[in-house]
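Take a look at the letters that make up each chain.
There are 2 protein chains.
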Amino acid sequence: MARSAKSNSSKPEMNQAAGPAETGRAVRDLEPLFAPQSIAVIGASRRLGTAGSEILKNLVIGSFGGVIYPVNPKSKSLMGIRCVPAASAIDDKVDLAVVIVPSNSVEAVLSECADHGTKHFIVISAGFKELGGEGVERENRLKALAKERGLSILGPNCLGLINTAPGVSMNAAFGGALPKAGCMGLISQSGALAAALLDYAKGRGIGFSRFVSFGNKADINEIDLLQSLAGDPATKVILMYVEDLSSGQAFVDVAHSITHGRNPKPILAIKTGRTQEGAAAAASHTGSLAGSDEVYDAVFSQAGVIRVESVEDLFDYAEVFAEPTLPRGRRTAIITNAGGPGIMATDACIRYGLKLSKFQEYTVKSLKFQMPPTGSLKNPVDVIGDARHDRYRAALDAVTADEEVDQVMVLVTPQAMTNAKEIAEVVVEMESYCEKPIVACMMGESDVEPGVRVLKEHGVPTYQFPENAMRSMAAKARFAEWIRSPILDYRRFEVNRAAVDELFRQEATAGRNQLVEVRALEAFTHYGFPIVPYKLAKSADEAAAAATEMGFPVVMKISGPKILHKTDVGGVKLNLTDESSVRAAYEAMIQSVRGKLGSEVEIWGVLVQKMLQPGKEIILGMTRDPRFGPLLMFGLGGIYTEALRDVAFRLAPIRENVSSEMIKDIRSYRLLEGVRGEPPSDLTAIADCLMRLSQMVTDSPRIKELDINPLIVYPRGKGCMVADARIILSES
Amino acid sequence: MARSAKSNSSKPEMNQAAGPAETGRAVRDLEPLFAPQSIAVIGASRRLGTAGSEILKNLVIGSFGGVIYPVNPKSKSLMGIRCVPAASAIDDKVDLAVVIVPSNSVEAVLSECADHGTKHFIVISAGFKELGGEGVERENRLKALAKERGLSILGPNCLGLINTAPGVSMNAAFGGALPKAGCMGLISQSGALAAALLDYAKGRGIGFSRFVSFGNKADINEIDLLQSLAGDPATKVILMYVEDLSSGQAFVDVAHSITHGRNPKPILAIKTGRTQEGAAAAASHTGSLAGSDEVYDAVFSQAGVIRVESVEDLFDYAEVFAEPTLPRGRRTAIITNAGGPGIMATDACIRYGLKLSKFQEYTVKSLKFQMPPTGSLKNPVDVIGDARHDRYRAALDAVTADEEVDQVMVLVTPQAMTNAKEIAEVVVEMESYCEKPIVACMMGESDVEPGVRVLKEHGVPTYQFPENAMRSMAAKARFAEWIRSPILDYRRFEVNRAAVDELFRQEATAGRNQLVEVRALEAFTHYGFPIVPYKLAKSADEAAAAATEMGFPVVMKISGPKILHKTDVGGVKLNLTDESSVRAAYEAMIQSVRGKLGSEVEIWGVLVQKMLQPGKEIILGMTRDPRFGPLLMFGLGGIYTEALRDVAFRLAPIRENVSSEMIKDIRSYRLLEGVRGEPPSDLTAIADCLMRLSQMVTDSPRIKELDINPLIVYPRGKGCMVADARIILSES
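Chain order of the listed sequences is A and B.
Under the working numbering, the first residue of the first sequence carries the number 7, and numbering increases by one thereafter.
Under the working numbering, the first residue of the second sequence carries the number 7, and numbering increases by one thereafter.
There is no bait here: all hints are sound.
A few chain B residues facing chain A, derived, Cβ under 7 angstroms: (1) 55; (2) 60; (3) 180; (4) 202; (5) 279; (6) 318; (7) 362; (8) 421; (9) 451.
I should point out that these hints are in silico values taken from the structure, not numbers from a laboratory.
Predicted model, so just to flag it, every value in this text is computed and none were measured.
Glycine is no exception: its CB is placed at the ideal position from the N, C-alpha and C atoms.
Put together the whole structure using the sequences plus the hints.
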């Protein structure tokens, strides 16, 4: 891509400095894997169509920059290159061994290579975890070997890897020819998809820096690879296909540091198994349990990773991200030579969350001076069907200079006077010095092809349909906002953690995994949550005194470790307005509960709570995902959470900014902003509770599950109150 | 397309009989327009790049089957064809004149041609309504001329039309070369988009029967063209691009008869201007006011038209609809040679509303016998990366025979042993005699290209990405359901229409366009709506007697023609539980209202209503769209309609089936089904009210706007009740 003129400018760009992103995690040095001086191809073969033949051929035809040693005990040479019978026979230091032998020989081959100093491996061979049973054990032995001898292993059951860097030029994969060099780094858990992606990319003229199929990830996983791509100066955009993630919090940390660090790179991810049926198919395919898809949405959102839903979107987005100019905002201008497609572009602009620029007066004046009288001077600018490149240039000049424009889409339909190539040349020229992103949409196939070619050659993002162009521009605008957004820290509150630990210890000792309400409230009190005034009364007198102290009306609930369905046993009374009714309720309740559950039922007393003013009901919750850890949940109470499933999730711990994002994430957020003249709810108070919850579940791994239901929230400035809560501890 | 083997089978197909669909509307005979024996090209030109040169060239190069008469006073010949100086000089009957002269000469040219017997015209010339002002008048004169002299005019401001029928072979358009013949009929309001669509179609190998750019539709509109395409045996699928519709109810009638008649044809429509900004762009482009987008959703839904959001979807859907086999249900099987893409396909299957088939036991057994041990025998069937065509055949054989499978997607990724062409040949063969739709997804570009070519040649729907394939299959499955769905009639209730007419007449005479509640309730009573018992009491005694008769508690509201904000003047009392409080309330209310509004305020009395048991609150409404007529609205009360805009619209009159569809259309429909142990609501009672409302607003064009808010609905079998209502009459 001829971007020299542009990269000298002072405009906002991604990737301004090259170099590894800062992460809190030790980075594995995988450079010998990506850029070895010498490769042994163990299991290289003459048999066409086999991996052993294809990989050797791909390395040779791709003009690998180092030395290739084919290892095959039965052949003297392969592709004219002298073979050795075994890795041990190579009289050179071997940086990388590509292993394509039957699965039951892999372990022995790795040991032998390790004995001769090789530390890096690509294991192409299948027959491991994906088979289940014996295969799992075989893979575990590989893992152990890697650990014991300090090896790096890519795979097994993978396609291999490609590095197009000049001087390296390594196609150590059997996914077709070496792709064109470019700025995309791709990692894929599926080999077949990786091969298809290479083929699609060729068709779209997209180039790669590095390309990795990582298969069963016995050793090297997606997190290692992300860190490695982050440090590769040739990689500007990271594409990934995953069916599961190895770890949630580590992924969030690493990906966050890549997408929002000193040298941000966008990560576009496809994660399949979104539906239950898809997850079942994934489980039967890879043998890995992926966890619920909601966790993945949370993980990607927290990490700044752009989740895409299809291969088509992946490449569409890649196209616009390959060009480093970031838009300063969402205000978009459209220049078109046809009305209908201009309307389509406008619809798409709004649908995908962009804004249509409202031009400044001078822009309209300038357009009026240069456009034909039938043209449209408003956005979308219609340069009319007979427009040639000069009219497109005038429109682009005027529009890009407008302060109300953050990015521009140039739309060209093939009409009688249209010369797509000349228009494309104008777009390329303007784009090379414009500080705002310019994207082209050339509608049609053959008629606009000469223009498309020019645009692609010069790295101008180019689309066939206005919808795809706008969707991609919107993704980039959101990424630009993500980069600019302040990332706040994890807030730590002063809490009484020791008291909660002790409380949980006592409950566990007593064999009570499900905490009684009063105990749960106590725990939340130690973490500074606003709790409705309550008191556990042991007698009618205590209840009456407590009620008088907190003020009427009050609610009373029976409290005992085994009493679950309180209402069914007459254990709940609402709206008690004076002392005498409190006393009466106390006695009646004890009697009723003993009557229903037997006189020996353990009763701690009666919980007296101040009856709350009505407010909006919120639910906060946490479940602990076996792989990803504590997952926080937020939703509106009542039908919203239970029936409409309108909830937001995030992995704990959450940063301060994430707590407010989470609240805005639900579809019914508008109800918290205040509708029909209601005041807005106290969102700060909810965010505060979410962060306290985050701290609490991070501090106490013992909490298996909890919810606050409801949290009553009042208008802005009036706070919120925990009205009821439940904590379940894990059985230890 | 070689579909001969298939079309002899007895499987369910669209378009089994050729012939015009039945419509309730007179069909204009446009055949001379589409298949003329002779064409005059008035304004034919030598100047390259002009419409006058392009159209003549396209007619000649396209080998038009009739005679072409170029009309140009300055040239003796054009493209070697002898010119005449004027249409009047042609010594032959001219069926069709294509007019490409300056806009101010068009009227004269048409008159002259009409004098010489020509009845059909394509007016390419621009400079009419789209200019506004003088252009509008010019267009109105064309309209008048057409009416007066019985002419058919396509355009003005259009690209022309194409008919690929053998023997006709007419390319009377300037949108590029004659496309390949095929089963798609396309009509487009945008000329530039039409040209781009032709170019896209060429790239995807899609063929056309007829292709029409209809421009400003001064005379011939989209409804005429739909009727004409319905009667064309070569057209199997209708594609349309519109920016506005000329009429709502006529469109619904005609399109419904095409999509659900004796000989159903699918109609795929792009309607732009979905967003406010897009609609504004459309208005400034065509000068037409499109009406709110909600009306279009209602119109398309009632007409069985499949609304698509982009050109890409249009062609994706066209691909699958070109193949006539309809699936019997939504159960879908997937055959893949790679796990990852299989999961993507599964996710897409569910996301777009299809179901994943659960195979019968014999299918699994049969697969087990023929698949490799590492393959997956469940759906998606994984034939494993090294699968060749024989293994695909075995899997297809087993899966298509399964009764739990309605349609099959065959997914091929390019791997080392994959021969896409051989696999494609197997798919073509199986598809030719299989009674279930089979769709192929070939992932990649160049590697699978030989396979794609074979599939396209034989008319097997073929996609690049699993998501596009599944989305298209889902659209076809929904269309199959539409075709099979019983279309119920418009139900007519016994009502007292005369009484309502009289009531409205009286109100109008009294100058009261906004009816007082009691009058509105009266009108609804005449139409048989269930109304909360009410009585207009003129004295405290009458009020007390009425309350006793209907039963306590009751509500009381002041009633008078000018009293709008009843609560503000002390004109509302709730929950009155005995006679004495009713009497007291009556006197207090009259006094308070007179106190606030003056003693001469007109008071009709006090409306006494039985206080209703609480139930779910529903809103029914109607607004009269200036172009489309009465638009019914349905939604849940409270925040759902006002804040969440969760409402459904349909044009009245509605058929019985539409009333229940409308109810299911809202996002919060689940709340009516009963959540959290609640009983389901009485949907039949709501549907009954919707149909009565439909009849009422169709009977009385005088009603400008009305709403029933709330309609209280009770559990199934317990009915519903109108609690409050509002009617506004149009000022006549």
